[in-house]
Amino acid sequence: MNIVNRLTLRQLKLNKKRTLVTIIGVIISAAMVTAVATLGASFMDLLRRQTIATDGEWHILYRYVNKNQVQAIKNDEETKAVLLSRDVGYSILEGSQNKNKPYIFVREYNEEGFQNYPIELKEGRLPENSSEIAISEAILSNAKVDYKIGDVLNLEIGKRYSLLEDYGDLPLDQSYSLIIDENGIQEVVTSDEFKEYTIVGIIKRPSWEPTWSPGYTAVSYLNENELSENDVVNAAVSVKKVSSKIFDYAEKFAEKHGIKHVSFNYELLRYHGVIKSDEVRRVLFNFSAIIISIIMIGSVSLIYNAFAISVSERSRNLGMLSSVGATKKQKRNSVFFEGFVIGLISIPIGIISGILGIGITFYFINPLIKNAFMISESLKLVVMPTSIIVSVIVSIITILISTYIPARRASNISAIDAIRQTHDIKITRRQVKTSWLTRKIFGIEGEIGLKNLKRNRKRYKITVFSLVVSMVLFLSVSFFTDFLEKTLLMTQDGINYDIEVFLNVYDNKEKEEIIEDLSNLNGNHNLAWYNSLYLYSWVDKELASDQIINNPIEEKDQKLYYNVYLNAMGDEALKDFANEAGIDFELLKNPENPQAIVIDTVKYRDYTEGRYVETRTLNVEAGDRINIHYKDWEQEKEYDLAQIEVAAYTDKLPMGLSPLGDSAGFRLIVSQDTLDRILTTGQDINFNIETKLYFTSSDSLKLQEAIEEYQNNIGQEKMFVFNVFQFRQREEQMILLMKVFVYGFITLITAICTANIFNTISTNIALRKREFAMLKSVGMTPKSFNKMINYESIFYGIKALFYGLPVSFGVMYLMHRSLVGKFSFGLSVPWFDVGLTIAAVFIIVGMAMLYSGAKVNKENIIDALKREII
Amino acid sequence: MEILRVEGLSKIYGKGETAVKALDNVSFTVNKGEFIAVVGPSGSGKSTLLHILGGVDTPTSGKVYVEDTDVYSLDETKLAIFRRRQIGLIYQFYNLIPVLTVKENIMLPLLLDGRKADKGHFKDIVNKLGLSDRLDYLPNQLSGGQQQRVSIGRALITNPALMLADEPTGNLDSKNSSEIISLLKMFNKTLNQTLIVITHDERIALQADRILTIEDGRITKDEVIRR
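Same order as they appear, the protein sequences are chains B and W. Residue numbering for the first sequence follows the numbering used here, beginning at 42 and increasing consecutively. Residue numbering for the second sequence follows the numbering used here, beginning at -8 and increasing consecutively.
Derived from the structure by calculation, the hints contain no laboratory data. Keep in mind the model is a prediction, meaning the values are calculated, not measured. Where hints are given, some of them may not hold.
In silico lysine-lysine, DSBU-like type, Cα no more than 30 angstroms apart, as pairs [claimed, not checked]:
id	chain 1	residue 1	chain 2	residue 2
1	B	Lys481	W	Lys6
2	W	Lys107	B	Lys824
3	W	Lys94	B	Lys828
4	B	Lys824	W	Lys69
5	W	Lys54	B	Lys474
6	W	Lys12	B	Lys810
7	B	Lys474	W	Lys110
8	B	Lys481	W	Lys110
9	B	Lys495	B	Lys810
10	W	Lys69	B	Lys896
11	W	Lys114	B	Lys58
12	B	Lys301	B	Lys121
13	W	Lys6	B	Lys828
14	W	Lys114	B	Lys499
15	W	Lys94	B	Lys840
16	W	Lys110	B	Lys896
17	B	Lys824	W	Lys166
18	B	Lys502	W	Lys94
19	B	Lys810	W	Lys107
20	B	Lys896	W	Lys119
21	B	Lys824	W	Lys212
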């Protein structure tokens, strides 16, 4: 090692504390970059495994290939596994209780197919030859056909064809639901072959079977050796090495072997990152680039600062070296060498701690992730060589950028500069000018403090910049998470139930049965159901509220247009609600005179005024009459339905109904009897009645399971179950998850910035030791000294806030503007976080100042005075 | 009138075998208005003595009375206040505050004390120091001689009981040196300002009323110059 480097090393050892701060800075920065890269890789891996779990592990799909082509695919050197499958066809499922699922659908797989497609065995075993079969458990639970393992099935198998012209003359597959119209089933199944199968196992309903499919899945074994020359199968291939060349390769291969249909598993390939010009990849890439640049800005400002300080402290040494003949290059390289040594220590530690850190994080968030993203796979720590290489390169670049200017400065230090130490004293009067007010308000201590800040602008700026970066990051991110939480609250506003069930059934009798069954389900729950119809009304002007009179949607013959939401309830729930609204329930049951409870309080956002309005839209009393009309949009026909008498009006809402967001609308709550009566007036608008059920429960998960079990029994397609409670929980977990990462990130950036601030301020103070000693020698008391130090901190803080707050508010405003399209509400500043930030700024600076100041304060005046004179 | 009394002053640096006696049982008194030169070889203890008199260093044993105040019985805060009111220190390297103007540097002890300067007194000093047209300059815009005059101004502004100068001309050329000494002497005479100057320069020492010679931490000679 040459003498210059030896001297550099010695200097680093001498300044242990600063070297340590620099090392910590580089460690944090390398750790963060590694963490970001590892996080990305691990998420890709998670998505990849999740895709495999739902769709199977394959990359290329060659369809309709014959025996020879299969052989060619097998022999190809890129092929890892060939998953063969063949749709044997449909057969009538004798005894199916589900009118929409009358078939059994048989598909065959080879060994590799069973291994790589997501087929989950529930009982028994998978088929091992072409006369064995495993059936979906839905055949037992949903179709209610009592098959057992060991039973023999004799199936007449064929293809589905539609009888209607709209569907063309191609066979239909599982993605087409049963074709059925008012005349009954409009499709046939051909009789192509007879097969005898022995049931050997029961599988779970496969994830690739659509809920609306007409056939229950059954899988059998595909023996490729038994294939005849004319048989065609589908061959899904998983390749040995996934790269972006896969597309060209597969297409060329298909062409060469005469395969006509090639497709790809884009989902899976996307998560392998091999789809070029892919939106997901682009977003991911941009996102990582932004995060890594933020990390780099933070760390460069710290590391640069550390090196700059180091050079200015070493300038005397460098000058001496220069006076005995060190070249510019030698001086410059001494700084790069310093960077090299620091990097050598910090980068490996940084990478290891980054991986460890993210691993520990995964451990804690894995349960959250599974729930929040509704996935079965868990996040595994994936460390790719690329992530490590990226981290190393980014860290090296960071150090290089940080050392470049200090190195150049070092190379320019001449012997005489160093001995005079002119660098730090070049100031002009204007630079340190302060207003007379400063002295008036803060005293001489404050004035000296402020002048000291102004003297070394570069350091001052770096400190302020570090503070501003942390501030802006923290505030904009907390604004964003606040925003998300608020939108969550917004979408949940007025929701007073846990589970919503939408019935996709149009037969009144069936509806009643389902409602009856659901209300008798086990579990502690309350149920309210509604048959709702969307209508309109022309309301007499004298019955309208001023709001609508002044601003009507449409006016005709002294009448105003209103949207009407007619909600019919079951008697029991209606009775409760009528009591609550204070009216006689019997009135609502009167068949001669249809009466309704009016809810005309609406809550909407007025865009011209930009605020929420809660107002009544009608001006009705009990006894007033309202006409309701129905419009059939398809046939462009309008019907007069009835004249409804207002029994009462209220602003209360029964369970499940939310406030209307319609500026000119109202709800009519009627009994089911009344609705039936209105509809017997001749028009068939049953198809437009929406039936919804709302549940509240102390154990919504258990209730959901019960509902879903029931749903399985009557048919998936008959109802949609929406667990609002779980949804809300999931959203909350998502936000929590995001917070973990986001605040983790902010904490580390703040750590870098804090280290930077400590570094700058303590050096700043250390360099001024002599001055402090002098001040004390002319009689500055320790109290005044502390006062001066405190004022300096305060000025730093004020300056940081001066830049940081406007920038943060600006960022918030921009974020608000770009986000607000989705949910409209006013810009609200997270004042608590702003307060927190302001406090944190002063605390960080104050601690740094006090720490360094205390050391100086203790020092002997004479020692300090003598030190730098020598 | 006695303004300074030093009794049995000792200062030992280090401990045990490596202990160095910088001052060894030094006692003397100084009357108001005296101009004393302290001479002696390097490392004899001159500067240590001066710093202890100025209240910036602490003695190992012994006492210092300035105008009957036992300086080292004061606590840190009181000592700082004592320094800014009773002592004017002048250093070889001026030790001005680089961010303050000439005027502010001179006024510094008063500013720290929260007092206003007597305008006449300030003007008088500035005029005598020849700094009236440099008041708004920063120290780094001045020559060495000018900077030293600023530090003299700073030492004088509070009318201190003692003005202590540690080789005030050590960093100056001979022309500036003699100017500084004449100034110090003038203030000594016109304001009856007590002045203790450490010097290597025999010509300066010979201008004093009394010369203390220190060798190995002891006063070996105490001569009064008669003119």
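To test your reading of the hints: which numbers does this structure violate?
1, 5, 11, 13, 14, 16, 17, 20, 21
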